[in-house]
Amino acid sequence: MAKPIIFAIPKGRILDEALPLLAEAGIIPDADFHNKDSRALRFGTNNPDIDIIRVRAFDVATFVAHGAAQLGIVGSDVLEEYSYSEIYAPVDLDIGHCRLSVAEPADLAASDDISEWSHVRIATKYPNFTRRHFEAKGVQAECVKLNGAMEIAPALGLTRRIVDLVSSGGTLKANNLVEVDILCEITSRLIVNRVAFKTQPEIRPLVERFREIVGGSDAA
1 MAKPIIFAIP
11 KGRILDEALP
21 LLAEAGIIPD
31 ADFHNKDSRA
41 LRFGTNNPDI
51 DIIRVRAFDV
61 ATFVAHGAAQ
71 LGIVGSDVLE
81 EYSYSEIYAP
91 VDLDIGHCRL
101 SVAEPADLAA
111 SDDISEWSHV
121 RIATKYPNFT
131 RRHFEAKGVQ
141 AECVKLNGAM
151 EIAPALGLTR
161 RIVDLVSSGG
171 TLKANNLVEV
181 DILCEITSRL
191 IVNRVAFKTQ
201 PEIRPLVERF
211 REIVGGSDAA
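According to this note's numbering, the residues represented by the sequence shown are 1 to 220, in order.
The set of hints was computed from the structure by calculation and includes no laboratory data. Every residue gets a Cβ at the ideal spot worked out from N, C-alpha and C, and that includes glycine. Don't take every hint at face value.
Here are the computed distance ranges between Cβ atoms for each label pair [what the hints assert, rightly or not]:
hint: 1; residue 1: Glu208; residue 2: Arg39; range: 32 to 40 Å
hint: 2; residue 1: Asn35; residue 2: Gly215; range: 28 to 36 Å
hint: 3; residue 1: Arg39; residue 2: Pro90; range: 26 to 34 Å
hint: 4; residue 1: Arg13; residue 2: Asn47; range: 19 to 27 Å
hint: 5; residue 1: Gly157; residue 2: Pro201; range: 53 to 61 Å
hint: 6; residue 1: Ala110; residue 2: Arg56; range: 34 to 42 Å
hint: 7; residue 1: Gly157; residue 2: Ser85; range: 32 to 40 Å
hint: 8; residue 1: Pro205; residue 2: Thr171; range: 39 to 47 Å
hint: 9; residue 1: Arg56; residue 2: Asp94; range: 18 to 26 Å
The calculated lysine-lysine pairs, modelled on DSS-like cross-linking and capped at a C-alpha distance of 25 Å, are [as the list claims (entries may be wrong)]:
hint: 10; residue 1: Lys198; residue 2: Lys3
hint: 11; residue 1: Lys125; residue 2: Lys137
hint: 12; residue 1: Lys145; residue 2: Lys11
Construct the entire structure; sequences and hints are all you get.
This is the structure:
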């Protein structure tokens, strides 16, 4: 009996938008998936040939890159951070819209000129992408890796600036921070393990189904 396809989807902000797309593609998780008390990470679906795993967004890319999952949904921010060559991202799903931005305290921003930066110290969970972004501008970025609570870093003196995801900007405002630069706009992508895409013929129709659902939107 062939092993089921493993489809990795992220916990958090993308999940609610991803579930209707999965349903339209004919993939509906078992009831236990919606049980908030469940500690399970792997779930069956209405399709016996497809199982779902629910993991952290950054881990979706890792599971797919290493072939532990064949398909996944993840933000383009994660793909930019890891740059896994083993991942093929064929479809922009047009969900999870936000941006990856530089922010700093409002009083600093009032007199700051980002065009004069030569060295910056930044708290972020995207150190690789952040360094590349600033290197392209001739700026040396010293990145302090944090996994969360980025907005408190300037107030506590850890760094003066942060790079983090911004949607409404409400969290920045609540912590007296303002955006001063945008690294990129973010959407979520359907990702596929390149080897699985070539060797498992049942995957290609799934990719095409998602492309049809979002109106043929290919990832950039």
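Hints, verified against the model:
{"no.": "1", "hint": "Glu208 to Arg39: 32 to 40 Å", "in the structure": "35 Å, holds"}
{"no.": "2", "hint": "Asn35 to Gly215: 28 to 36 Å", "in the structure": "33 Å, holds"}
{"no.": "3", "hint": "Arg39 to Pro90: 26 to 34 Å", "in the structure": "33 Å, holds"}
{"no.": "4", "hint": "Arg13 to Asn47: 19 to 27 Å", "in the structure": "26 Å, holds"}
{"no.": "5", "hint": "Gly157 to Pro201: 53 to 61 Å", "in the structure": "56 Å, holds"}
{"no.": "6", "hint": "Ala110 to Arg56: 34 to 42 Å", "in the structure": "36 Å, holds"}
{"no.": "7", "hint": "Gly157 to Ser85: 32 to 40 Å", "in the structure": "39 Å, holds"}
{"no.": "8", "hint": "Pro205 to Thr171: 39 to 47 Å", "in the structure": "40 Å, holds"}
{"no.": "9", "hint": "Arg56 to Asp94: 18 to 26 Å", "in the structure": "22 Å, holds"}
{"no.": "10", "hint": "Lys198 to Lys3", "in the structure": "16 Å, holds"}
{"no.": "11", "hint": "Lys125 to Lys137", "in the structure": "20 Å, holds"}
{"no.": "12", "hint": "Lys145 to Lys11", "in the structure": "21 Å, holds"}
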